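K.L.:
Just so you know, the protein sequences line up as chains A and B, in that order.
Going by this note's numbering, the first sequence opens with residue 936, and the numbers climb by one from there.
Going by this note's numbering, the second sequence opens with residue 3, and the numbers climb by one from there.
Just so you know, the hints here were simulated from the structure itself, not pulled from any lab data.
Nothing here was measured: the structure is a model prediction, and the numbers come from that model.
Heads up, the beta-carbon is just placed ideally off N, CA and C, and yes, glycines get one too.
Treat the hints with care, since some could be wrong.
Said to hold, decoys possible - Taking lysine to any residue pairs in the SDA-like style, the calculated list, with each CA pair at most 20 Å apart, reads:
hint	chain 1	residue 1	chain 2	residue 2
1	B	Lys208	B	Ser148
2	B	Lys169	A	Ser1087
3	A	Lys1027	B	Ala81
4	A	Lys1028	B	Asp100
5	B	Lys162	A	Ser1091
6	B	Lys162	A	Glu987
7	B	Lys169	A	Leu1030
8	A	Lys1028	B	Asp150
9	B	Lys162	A	Thr1092
10	B	Lys162	A	Pro1003
11	B	Lys169	A	Leu1056
12	A	Lys1028	B	Ile161
13	B	Lys121	B	Gln53
14	B	Lys208	B	Asp150
15	A	Lys1027	B	Glu77
16	B	Lys169	A	Thr1035
17	B	Lys162	A	Leu1030
18	A	Lys1028	B	Arg69
19	A	Lys1046	A	Leu1056
20	A	Lys1028	B	Gln146
21	A	Lys1022	A	Glu992
22	B	Lys191	B	Ile161
23	B	Lys169	B	Gln229
24	A	Lys1027	B	Gln229
25	A	Lys1015	A	Asp1057
26	B	Lys162	B	Gly143
27	B	Lys169	A	Lys1015
Stated by the list, open to error - Stretches of chain B that chain A covers, calculated by requiring three or more beta carbons in the stretch to come under 8 Å of a beta carbon on chain A:
hint	stretch
28	67-74
29	149-160
30	163-177
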Amino acid sequence: MNLRETDINNTTTENSIWQILDTVVDPEVPVLSVIDLGIIRNVTVESGDTLENDAVEITITPTYSGCPAMEAITMDIRLKLLERGYKNISIKKILSPAWTTDWMTKAGKEKLKAYGIAPPLDVPQVCDSKLFAETGAIQCPLCGSYHTQLISRFGSTACKALYQCLECKEPFDYFKCH
Amino acid sequence: MTNTKSLQTLPTTETQLFTDQVDFLLHLADTNLILAQRNAEWCGHGPVLEQDIAITNISLDLLGQARNFYQYAAELINAHNKTIQAPGAIETSDTTEDSLAYLRTERQFKNLLITELPKIDWAHTVLRQLFYSIYQFLLYGQLQNSTDAQLAAIAEKSIKEVAYHVKWSSEWIIRLGDGTDESHHRMLKAMENYWPYTGEFFMPAKYESEAVTGMNISSLEQPWIEQVKTVLDEATLWLPAFENVAAVYMHSGGKTGVHTEHLGFILAEMQYLQRTYPGAAW
Chain A
936 MNLRETDINN TTTENSIWQI LDTVVDPEVP VLSVIDLGII RNVTVESGDT
986 LENDAVEITI TPTYSGCPAM EAITMDIRLK LLERGYKNIS IKKILSPAWT
1036 TDWMTKAGKE KLKAYGIAPP LDVPQVCDSK LFAETGAIQC PLCGSYHTQL
1086 ISRFGSTACK ALYQCLECKE PFDYFKCH
Chain B
3 MTNTKSLQTL PTTETQLFTD QVDFLLHLAD TNLILAQRNA EWCGHGPVLE
53 QDIAITNISL DLLGQARNFY QYAAELINAH NKTIQAPGAI ETSDTTEDSL
103 AYLRTERQFK NLLITELPKI DWAHTVLRQL FYSIYQFLLY GQLQNSTDAQ
153 LAAIAEKSIK EVAYHVKWSS EWIIRLGDGT DESHHRMLKA MENYWPYTGE
203 FFMPAKYESE AVTGMNISSL EQPWIEQVKT VLDEATLWLP AFENVAAVYM
253 HSGGKTGVHT EHLGFILAEM QYLQRTYPGA AW
């Protein structure tokens, strides 16, 4: 991957920033990049005369209000850009529109499953307010069975719930639809 | 909020609106912060590991929401060049989420009284969460439509997390209420202790005017009672006496800084580091 993709005038394009962002991973789930998560809302580049003077502005949105990974991610974005020689970096946070798991890429969902975390189902299907609700069959990421049960609505992190597979008996995390 | 400037000049309507706006944000932030602290007391002491994790995750959600409100309040305050003065505090020219959380005293905190009460046991904890989360869901549901864009954004973001809190606590109320004799008895005790603090939700403080909140706070009471009743009915905990809302004396004062003795202990612990080593950072 050519990380310094530039046009013939040797200036940074937004594409090159997106490619750099693809190397910034979620510290909790390191198979997912911030692009897979869908938290990068906007990237703008104002070209300066050199790479150093290019003004890069990135707008991100937090997943959960209290997610402690957001600060680590913000720092990591800044570090990766600094490593590539950018000096004029601005990272903005917006709350609206609120992040939803619908913004997670399909590739991201596949990566989650391979990592052993059940990916979120589509939001309109299952985010209802019924109690003790069957939230739609969650597939076990380990053995593939749909015969699973909810253990707790909160798992290892705020964004995940704890499930157990009734076939292979293994517990696993489910990334909650949000 | 003590501010030496306001003592000298009569507040104009604009200044009053601004003060009310900030007070409302602080009320929303303080309520979430203090409840987050109470819930976090379960860390390492939960009844089972999964619920220890659940209650602390809820705590984290509330803390994140509190931070959003504090950050916005600090922005507004700084923009108007006002500083909050707490007795003996280091004078800072810039208000931050940290100075708001760590350097204000009891009379300046505007959290709902119910959030500062001792957590007592699991029954009390899940009941308090039910009462507050249903109220929060209704309140933020309205705030989402606020003409204040940032307030609406925070409400829109928070309400998705609150929806899970409502589900979690409702399910626990039903498990315990409609459970064993002991769990049922403990739930009744929790009702007795916490019910008289729910009236405060719907008694608007002066700063909770329609101009600031975009709604009539007391109008949330009926839908709240209906939703709470649905869960408590299912849990075999609802008593006909609760229908007569007017008959129960309801405690209040938290929204305007008049707190129970419990808040003092919470702040003493929470603010200890900043007060002992002012300006400490790491």
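K.L.:
All hints, please: hold or fail.
P.N.:
Going down the list of hints, with the structure as the test:
no.: 1; hint: B/Lys208 to B/Ser148; verdict: holds, 18 Å
no.: 2; hint: B/Lys169 to A/Ser1087; verdict: holds, 11 Å
no.: 3; hint: A/Lys1027 to B/Ala81; verdict: holds, 18 Å
no.: 4; hint: A/Lys1028 to B/Asp100; verdict: holds, 18 Å
no.: 5; hint: B/Lys162 to A/Ser1091; verdict: holds, 19 Å
no.: 6; hint: B/Lys162 to A/Glu987; verdict: violated, 40 Å
no.: 7; hint: B/Lys169 to A/Leu1030; verdict: violated, 24 Å
no.: 8; hint: A/Lys1028 to B/Asp150; verdict: holds, 17 Å
no.: 9; hint: B/Lys162 to A/Thr1092; verdict: holds, 16 Å
no.: 10; hint: B/Lys162 to A/Pro1003; verdict: holds, 18 Å
no.: 11; hint: B/Lys169 to A/Leu1056; verdict: holds, 18 Å
no.: 12; hint: A/Lys1028 to B/Ile161; verdict: holds, 18 Å
no.: 13; hint: B/Lys121 to B/Gln53; verdict: holds, 15 Å
no.: 14; hint: B/Lys208 to B/Asp150; verdict: holds, 19 Å
no.: 15; hint: A/Lys1027 to B/Glu77; verdict: holds, 15 Å
no.: 16; hint: B/Lys169 to A/Thr1035; verdict: holds, 19 Å
no.: 17; hint: B/Lys162 to A/Leu1030; verdict: holds, 12 Å
no.: 18; hint: A/Lys1028 to B/Arg69; verdict: holds, 13 Å
no.: 19; hint: A/Lys1046 to A/Leu1056; verdict: holds, 14 Å
no.: 20; hint: A/Lys1028 to B/Gln146; verdict: holds, 18 Å
no.: 21; hint: A/Lys1022 to A/Glu992; verdict: holds, 11 Å
no.: 22; hint: B/Lys191 to B/Ile161; verdict: violated, 29 Å
no.: 23; hint: B/Lys169 to B/Gln229; verdict: holds, 12 Å
no.: 24; hint: A/Lys1027 to B/Gln229; verdict: violated, 38 Å
no.: 25; hint: A/Lys1015 to A/Asp1057; verdict: violated, 32 Å
no.: 26; hint: B/Lys162 to B/Gly143; verdict: holds, 10 Å
no.: 27; hint: B/Lys169 to A/Lys1015; verdict: violated, 40 Å
no.: 28; hint: 67-74; verdict: holds (count 3)
no.: 29; hint: 149-160; verdict: holds (count 8)
no.: 30; hint: 163-177; verdict: holds (count 9)
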